[in-house]
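J.: Given the sequences, and given the hints that come with them, work out the whole structure.
Protein chains in written order, with the working numbering: chain X, 104 to 382; chain B, 104 to 382.
Note that these hints are calculated values from the structure, not bench results.
The reader is advised that the hints may include incorrect statements.
Identical chains share a label here; the pair holds if one copy fits it or two copies do between them.
Stated by the list, open to error - In silico DSSO-like cross-links for lysine-lysine, where the CA-CA straight-line distance does not exceed 27 Å:
id, residue 1, residue 2
1, K228, K216
2, K267, K216
3, K228, K267
4, K369, K312
Number of protein chains: 2
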Amino acid sequence: MQVIRTIAEMREARSSITGTVGLVATLGGIHIGHTTHMDTVRPLCDVLIGSLFLNPTQFGTNEDISSYPADEEADLAEFEKHGTDFVFAPTADEMYPPTGTGVPQIDPGPAAKVLEGAHRPDHFKGVATVVVRLFSIISPNMATFGEKDAQQLRIIQHINESLKLGIDIIPIPTKRESDGFAVSSRNAYLSPAEREAATILYKALTVAKLSWDSGERSAEVLRFMMISVLAGEPLAEIQYTSIADVDTFAELDQVEHSARALLAMKIGPARLIDNILLA
Amino acid sequence: MQVIRTIAEMREARSSITGTVGLVATLGGIHIGHTTHMDTVRPLCDVLIGSLFLNPTQFGTNEDISSYPADEEADLAEFEKHGTDFVFAPTADEMYPPTGTGVPQIDPGPAAKVLEGAHRPDHFKGVATVVVRLFSIISPNMATFGEKDAQQLRIIQHINESLKLGIDIIPIPTKRESDGFAVSSRNAYLSPAEREAATILYKALTVAKLSWDSGERSAEVLRFMMISVLAGEPLAEIQYTSIADVDTFAELDQVEHSARALLAMKIGPARLIDNILLA
Chain X
104 MQVIRTIAEM REARSSITGT VGLVATLGGI HIGHTTHMDT VRPLCDVLIG
154 SLFLNPTQFG TNEDISSYPA DEEADLAEFE KHGTDFVFAP TADEMYPPTG
204 TGVPQIDPGP AAKVLEGAHR PDHFKGVATV VVRLFSIISP NMATFGEKDA
254 QQLRIIQHIN ESLKLGIDII PIPTKRESDG FAVSSRNAYL SPAEREAATI
304 LYKALTVAKL SWDSGERSAE VLRFMMISVL AGEPLAEIQY TSIADVDTFA
354 ELDQVEHSAR ALLAMKIGPA RLIDNILLA
Chain B
104 MQVIRTIAEM REARSSITGT VGLVATLGGI HIGHTTHMDT VRPLCDVLIG
154 SLFLNPTQFG TNEDISSYPA DEEADLAEFE KHGTDFVFAP TADEMYPPTG
204 TGVPQIDPGP AAKVLEGAHR PDHFKGVATV VVRLFSIISP NMATFGEKDA
254 QQLRIIQHIN ESLKLGIDII PIPTKRESDG FAVSSRNAYL SPAEREAATI
304 LYKALTVAKL SWDSGERSAE VLRFMMISVL AGEPLAEIQY TSIADVDTFA
354 ELDQVEHSAR ALLAMKIGPA RLIDNILLA
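T.: Put into structure tokens, the structure is as follows:
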């Protein structure tokens, strides 16, 4: 496995690859959620490229970039163990040179304004910018993105369609622990009691899903059921509960064919999100 | 020379090319301005790809897309004569499928808001969108853009930098007729009297350039000199005269190292633009 630090070297390495390239883009803090991405795409491509870049533009000024888990050595070892051929691990100066104009940006559209976009104002613009830069530099044939970040996944699919990038975007189902809690880098922030309390997210989503499965189609009722479950956990503070259109993430009144149930909670120092498809 | 109509076939043809690719992107109406692009880039690349696409998204609702010169057979003959290997000539439905979301767009930034951007509100958003799509589909190593559309050229350079596209953007000097009038597809709209009147654009730019060369550094004075020259031509209606920053296109008070003198005029049915570098 080769670790590449500069855009120029990454482009050069890419230009010598003749087969198909798969990309697993990460912020670091590699866990089983990420390695599932690697294991899924590894048999589908000739060359597997990982990226390791704690992108500053997708974090707000009061957010947790400084405490985000970062252990490059451990992360590189995981990439290698899961069959990665190259890891692109640039510095922030390399990706955002201080002299660069950086003026044209991707406008990720209305789906980026709600839910996560409402709580983290420039988050998706930062995501869109770095993902398009990584796509431009690495030119993958396919790239994985997790369903846990459902809104991000859909926005990246929109960008891929709109800019005609022609990349096969592979959604990766959310990796869950035995009690259903979604694996996330931010789970490391939780105390044992908070970790226990955090099971409430998946419980609330499961209640919505069971209710959907048994025929409930009012989004209002489904949201209310999630809120009722979440209200039983004093350590959890609701940021949003949503029954949203799977494409635009607009809140629904009535669910027709499908919807996504999403929620965001603060538990102790961590902001946690999770979602489930109702279909 | 091979003519390609679909994105899928263009991607397939591109993937079989191993050498460097040059791109000359056009709206059609090929004239000596365009063939200069082909002749410039032809010796620099292994494979020359032209594009022929009258992009609807860069024309406003009251603009001249319906009367824009379009003779595909003649255009293809010019491409072939000047050594083009592939011409990508998609339909509007192929580039903008009716089912596509098309939601994420390139925000081309503040340089797109002034001058041409002020007179043609969504023009540069349309240009940015189609150029990024063409870049994504064709993956050129180098691409030519004309200095006649100086603002467009600079915005495309900004996009190339910001999205890390890594394309060598080759600026092509403006092709002029013997009286200095800039060659443009829109010149076909002019009557002989209007064509004669249109020489006033280059005259006004030349006066600004001569004044700059002899030491004038007040942008106000330089703009006034252009306006004085233009006022002598009753057929010409000024849309703007500008002494602008070469990078941001913001109007200058005092010219330091360099500036671009730009103007836009209506003469009869045609809207004409031209510019010159003061450096």
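J.: Does the structure break any of the earlier hints, and which numbers would those be?
T.: No hint contradicted; all consistent.
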